[in-house]
Amino acid sequence: MEVQRLREFYNFPPGCVVAVSGYLNPLQSEAHSYIRGTPLKHYSLIKHLNSDLSLVDMNWLLYRCGSEENVPGIGRTPYYIPRYGDLMYCVLKGIVTVMRYVAEYSDVGHSACGHLRGGLCILVYLYKRISVDNPSKPSNFNQT
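Residue 1 is where the sequence shown starts when you use full-length UniProt numbering, and the numbers rise one by one after that.
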């Protein structure tokens, strides 16, 4: 059995990115794909869609928190769900985290579910969030 090495980070400010690489053999990759529900036949399409994205772009599309969004003076805030509060992240990870909890505990009475039943405001928020300027290259936003 392979020994796992633990890495600890100290004084790791918001907005920093760490790239970690791992490898699955073909059998593990197929099993992982089956478990996660992403057929391998779509892998090439997914790879093509995100091939031009840098780590900064991926961070912008997935994990920006409220304080990071206000750094460039954009004035965006995390999405607010009544009776729940602000999402932890401004983008996709924010709603995915909440919906993963809902799915895991079958909590259809969660505030987020009630909010979704009331309309698709969160989808409009996410669409506007990733549609500004050039959504395929968010790392270019502040280079003018």
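Incorrect hints may appear among the rest.
[As the list claims (entries may be wrong)] Taking lysine to any residue pairs in the SDA-like style, the calculated list, with each CA pair at most 20 angstroms apart, reads:
#, residue 1, residue 2
1, K93, P82
2, K128, E104
3, K93, A19
4, K93, G15
5, K128, D107
6, K93, D57
7, K47, M88
8, K128, H110
9, K128, N70
10, K93, C121
11, K93, Q28
12, K128, L116
13, K93, S54
14, K93, V18
15, K47, P26
16, K93, M58
17, K128, A103
18, K47, L24
19, K93, I122
20, K128, H115
Keep in mind that the hints were calculated from the coordinates and are not lab data.
Pair hint outcome, K128 versus H115 [Cα-Cα no greater than 20 angstroms]: holds (18 angstroms)
Given hint Q28 paired with K93 - CA-CA distance at most 20 angstroms: violated (25 angstroms)
Restraint status (C-alpha distance of K93 to P82 at most 20 angstroms): Given pair K93, P82 holds - Cα atoms ~18 angstroms apart, limit 20 angstroms.
Hinted pair K128 and N70, Cα distance within 20 angstroms: holds (16 angstroms)
Agreement of K93 and I122 with the hint, judged by alpha carbon distance not exceeding 20 angstroms: With Cα atoms ~13 angstroms apart, K93 and I122 stay inside 20 angstroms; holds.
Restraint check for K93 with C121, where alpha carbons must lie at most 20 angstroms apart: holds (16 angstroms)
Restraint check for K93 with A19, where alpha carbons must lie at most 20 angstroms apart: Measuring from Cα to Cα gives roughly 17 angstroms; hence the hint holds.
Pairwise hint evaluation, M58 against K93, where the allowed Cα distance is 20 angstroms at most: Roughly 11 angstroms between the alpha carbons, so the hint for K93 and M58 holds.
Agreement of K128 and E104 with the hint, judged by alpha carbon distance not exceeding 20 angstroms: violated (28 angstroms)
Proposed proximity, S54 with K93 (alpha carbon, max 20 angstroms): holds (17 angstroms)
Pairwise hint evaluation, G15 against K93, where the allowed Cα distance is 20 angstroms at most: Within the cut-off at roughly 14 angstroms; holds.
Given pair status - V18, K93, alpha carbons within 20 angstroms: holds (17 angstroms)
Comparing the model with each earlier hint shows violations of hints 2, 5, 7, 8, 11, 17; every other hint is respected.
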